[in-house]
Each structure stands twice: as structure tokens, then as C-alpha cells.
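Novice: Chain by chain, the residues run as shown.
Number of protein chains: 2
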Amino acid sequence: MSDSLLEAISESRCFGGAQRRYRHRSSVLGCSMHVSVFLPPQALAGARVPALYWLSGLTCTDETMVQKAGAQRLAAALGLALVAPDTSPRGEGVPDDPDGAWDFGLGAGFYLNASEAPWATHYRMHDYVVAELPALLESALPLNERRGVSGHSMGGHGALICALRNPGRYRSVSAFAPIAQPSTCPWGEKAFSRYLGPERGSWAAWEACSLIAQASERLPILVDQGSADPFLDQQLKPDQLRSAAAAAGHPLELRLQPGYDHSYFFIASFIDDHLRHHAAALLA
Amino acid sequence: MSDSLLEAISESRCFGGAQRRYRHRSSVLGCSMHVSVFLPPQALAGARVPALYWLSGLTCTDETMVQKAGAQRLAAALGLALVAPDTSPRGEGVPDDPDGAWDFGLGAGFYLNASEAPWATHYRMHDYVVAELPALLESALPLNERRGVSGHSMGGHGALICALRNPGRYRSVSAFAPIAQPSTCPWGEKAFSRYLGPERGSWAAWEACSLIAQASERLPILVDQGSADPFLDQQLKPDQLRSAAAAAGHPLELRLQPGYDHSYFFIASFIDDHLRHHAAALLA
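Keeping their order, the protein sequence lines are chains A and B. So in our numbering, the last spot in the first sequence is 611, and the numbers never skip. So in our numbering, the last spot in the second sequence is 611, and the numbers never skip.
Bound-form chain A, shown alone (with noise of 0.2 Å):
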């Protein structure tokens, strides 16, 4: 047991809640994690809160929505839990980008699991975002299994999936900024070709736009986009989701705002929408 227990590194006192940070031991990655909980003033009282899911971008931590976006306020006041989990696995015996590129290995999980050597044996973030870190902290925290997800580019399209392959795991769902369709743009032909091989006919289970086809389950999907983000039409192509919903029939607000860019002001600009969004599914 001791392996699965988590180990709390840090805590502040915030809106009333507790913003802590966690490292835990990881066997569906092989690797030791840290994890950033912020527990609503509700948990600290004594309630079994839901946890909003934050899957992060490229190059950020388990700590970057939690100094940067503003959320806890509103999480404080609505009484969600915030649960940032890191973006890879890492540590000794993590295989990262041969070349030390920022956009694939560490810091660039792309919340699937790798099927190709070297990278099937640790990057396995799907499994560990959906399964394996909610069972560590719903056991273990004031947390219920209401839960919702969301993340921020890389982290957007993450949550996407994640939602996607498993109907009935969460009750609500939004993107920031998500990397639409990762098999037509530089960032996730990079990444799925080397974490899922060169045969594209297996990048399909791990592609939103593919997996809102045949959903079974048709949650409403919140998504903010900038209109003035520099990696609009090269990465993100937020119309691919849009025809995709449309062709499925599947219910997406996106909403393009004009002059924002890919940054958390742009995300602290509207957090509070997307966790209202949120609330009036997990708190209903």
C-alpha cells in the first residue's frame, strides 16, 4: 500500500480552501508524480466535493494552472475541488525527446498511452489521468466521483479524449485552446507518430475529432478560443472540431475571442465560465 499513498509537500491556505501539492508513487507510469489539489473550503468543513480536472499544456507542470489561472476564487465560492496533474511522466529512466525538444517527451504527455518502444513503458497519461490518479484521490481526499475535465492545448485536446473514450466518467467536459485534431498539425504528427507509430489507422482511438463520431455519450463541450493566439492555424484549427460536432450532431459551444492569445490571461479571462460551466453539471 505504501507505494499508492500520497505524500503532501505543500500547502497554502487559499479562498478558504487548501491549495496543497502531493507526490505519489505512479505504477501505471513507473515513475513518481506530483499532483496540485486545491480542496474548496466545502472539503475542508467536511463534504465530499466534485474535482474539476485540469490537464495542462506543453512545458507546463502540475503547478502552472494553479499559480496562473485565477481559478481557486470561484472553486472556493462554488465548492469544486481543482486537481492539476502533471503533464508526463518523469524522473530517472523517463525516456524524453532524443533532441530535448520541448514539444514531445517530458512536459508533452498527450494524456494517451504509447504503444512503441521507448515510450510504452512510462507514457501512459491516459490511464493515469483517468483511472489511476482519480481511485488515489477519491480514496484517499474529500473528493466524490463527480468529475469534470478541462485543460489548455495539448491539455484541451486531453481532455477531450478523455471524456470521449469513457461515458459515464465525467459529468462535464470544456478546452481551452485544444489542439483539435493532433493527425494534421506539426505538434501532434510529431507526438503521435512516435508515441503510436507511423500507422496512422491507430491515431484514431486517441483523436477527438475521430471519437466524437461514434460517441455514446453526448456531453456538452465548452471551448474558448483566441482569436489572436500565434498558433491558431497551424496547430490548433478549432473548425476541424467544429465540423466534427456538427457532422455527429454532437452539442459544442466554441467561442472565438477576438484579440486573445494562447496565455493564461487568456484563460484566467474566462476560467470562471468554464467552471460555471462545470458546476451546473457536477453540483446539480
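Hints listed in this document are in silico derivations from the structure and should not be mistaken for laboratory results. Note that this is a predicted model, so its numbers are computed, not measured. Please note: incorrect hints may appear among the correct ones.
[To be verified] Examples of chain A residues lying across from chain B (beta carbon under 8 Å, computed):
1. R340
2. C341
3. F342
4. Q394
5. Y587
6. F592
[To be verified] Here are a few chain A residues that face chain B, going by a calculated C-beta distance under 7 Å:
7. Q346
8. G586
9. S590
10. S596
[What the hints assert, rightly or not] Stretch-level coverage of chain B by chain A, calculated; a stretch enters the list once three of its residues show a Cβ under 8 Å from a Cβ in chain A:
11. 334-341
12. 384-397
13. 586-592
Yeah, the Cβ is synthetic: ideal placement off N, Cα and C, and Gly gets one too.
Starting from the structure of chain A, add chain B where the hints point.
Specialist: Structure of chain B alone, referenced to chain A:
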């Protein structure tokens, strides 16, 4: 003129306003400086707005508060600009702590004008923050001449001395976890003895608890201090400020916030109260 110009180096839309970062040459400091400025939507629409100057603490930069405090949301709603200078002069030729310590020199200017070599040439953060920077920003940006000042830790004390030394220059003042009396704590004694020399008689002109005794203006001070701040007893000592304000009859609201520490999670939790405190004076 060219060395007084603001060079915009980044801009992100944020809550309908603009979060910008500028580089400029400071003649007071004798070096190039960065400053972060948030302009609320009202300023982008043509109004001249008041500015709250935020003075950060040891090791921070002009970017710390704008990334971590979550202040832009309410500042945008109220119509307040936020100005965040760096915490010391920087760059080639600017001397640093000989041992590279984080509590003196670079990142630790203490918002005073140094009198001792080799610091006196560049370490003139008081004149920079109080005079040079506002003059530059008010000439180049849609800011009126209504100013408030706040800050954290070293910068909390900096905010107090900027206001107390310059009656009429600020309409409002507040602080988070200020170093209440530098002459009686390790951080302050180290900095003051080097910047100002060993003769303690010269220190009083840069100490809030001394300045408050003879202040010709009684701007109400709002201070928040976390009860679980690890620096509370040895470095911050808010009771010394409380005593000095009481003796002088200076209006001070000092709130001890149970369980909060020294981090930006603490600041974020109460920044809205401070923004409203400043707005009441700046927008009256």
C-alpha cells in the same frame, strides 16, 4: 528623448484590457528596466484611468504579481490600471550581493535610495518608483495622475514608505505582509547597513514605523498578514507597525488572516479587498 521611451515587448488581452510588458531606459537607475502594466478596458476605450502601483517582494520581478495575484479581473471591472515595476536595478554594471544571496542586491532593492558605494549609483528604486516611472507612464499611457501604492513583504514596506515620504503623491496605500520595521529584522538590517551604511540614524528616513510618527498626511493604511506566515515573527513583526500607528494616531486596519502564509495564494485571496480599498480613493 529616445532613452525615456517605452518599448513594448509583449501584450496579451486580459479581461477585456491589455496586459503589457515594456522595456525602458531609466536615467535614475542607470540601466534598462522592465515594467508590467495592465490597462483596463476603460483605458483602451479612451479614458484616462488611475493606477495602482504594486511593489513586489524579494526575488520577484515585474511579472510575478501580474501572473499570480489574479488582480486583473476586478481591476478591469473597476477601471484601475496596475503598474508592476521590477524589484531592483538590473543588468551589466549593476552590482549584486558579493555572495549571490537572494535577500540583497538584484531582486532586493528595498525601494530606497542607497547612499553607500558601490550601491548608490544604481540602487535608487525610491526615486524610480515614486517619480521617474509615473512621469514616464503618465506621459505615454492613458493614465491620469491618481495613484495608489501597494506591495508585498519588502514591497509592502516599500509601499508604506513611498506613501509616507511623499504626501499628496498617492491617494491610497495598502500592504500585504510588509516588513514592518527593517531596522529590527535580519533582512532589513542586512540591506540597510549596506545600502545606507552602518550609522543607524540615517535609517529612520526609510522606515515606515519612524516616518509614520511625523507624517503630515494620514492616508488610511490597509494591511493583511497571514497568521501562518513563516516569516512573521523574525522578519515581518506587524505589531511594530500597529504600535507606531497607534502612537501617531495614524489610521491602520491590520488584519491577521488565520492560516494564511507568505505566498501569492494568500495575496490572491485578499487582493480584491485591496483593490476596492484603493478604488474607493482613486475613483472617488
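Novice: Taking 8 Å as the C-beta cutoff, is the stated coverage of the segment 586-592 of chain B by chain A satisfied by three or more residues?
Specialist: With 6 residues close enough to chain A, the hint holds.
Novice: So, as I understand it, the hint says G586/A touches chain B; can you test that by seeing if any CB pair is closer than 7 Å?
Specialist: holds (4 Å)
Novice: Are there at least three residues in the segment 334-341 of chain B whose beta carbon sits under 8 Å from a beta carbon of chain A?
Specialist: Our answer is that it holds, as 3 residues pass the Cβ test (under 8 Å) against chain A, meeting three.
Novice: If you count the residues of the segment 384-397 of chain B with a beta-carbon closer than 8 Å to a beta-carbon of chain A, do you get 3 or more?
Specialist: With 3 residues in contact (Cβ-Cβ under 8 Å with chain A), the coverage given for the segment 384-397 of chain B holds.
Novice: Less than 7 Å between beta-carbons is the criterion; does S596/A satisfy it with respect to chain B?
Specialist: Where the cut-off is 7 Å and the nearest Cβ of chain B is about 5 Å from S596/A, the hint holds.
Novice: Less than 8 Å between beta-carbons is the criterion; does Q394/A satisfy it with respect to chain B?
Specialist: holds (5 Å)
Novice: Would the hint on S590/A be counted as holding, given a Cβ-Cβ threshold of 7 Å to chain B?
Specialist: holds (5 Å)
Novice: Should the interface hint for C341/A be scored as holding, given a Cβ-Cβ cut-off of 8 Å against chain B?
Specialist: Since chain B brings a Cβ to about 4 Å from C341/A, closer than 8 Å, the hint holds.
Novice: Do the numbers back the hint for Y587/A, that is, is its least Cβ distance to chain B under 8 Å?
Specialist: holds (5 Å)
Novice: Once the shortest beta carbon distance from R340/A to chain B is found, is it less than 8 Å?
Specialist: holds (4 Å)
Novice: Tell me if the interface restraint on F592/A is satisfied: Cβ within less than 8 Å of some Cβ in chain B.
Specialist: holds (4 Å)
Novice: Does F342/A pass the interface check with chain B, least Cβ-Cβ distance below 8 Å?
Specialist: holds (5 Å)
Every hint, counting from the list given before, is met by this structure.
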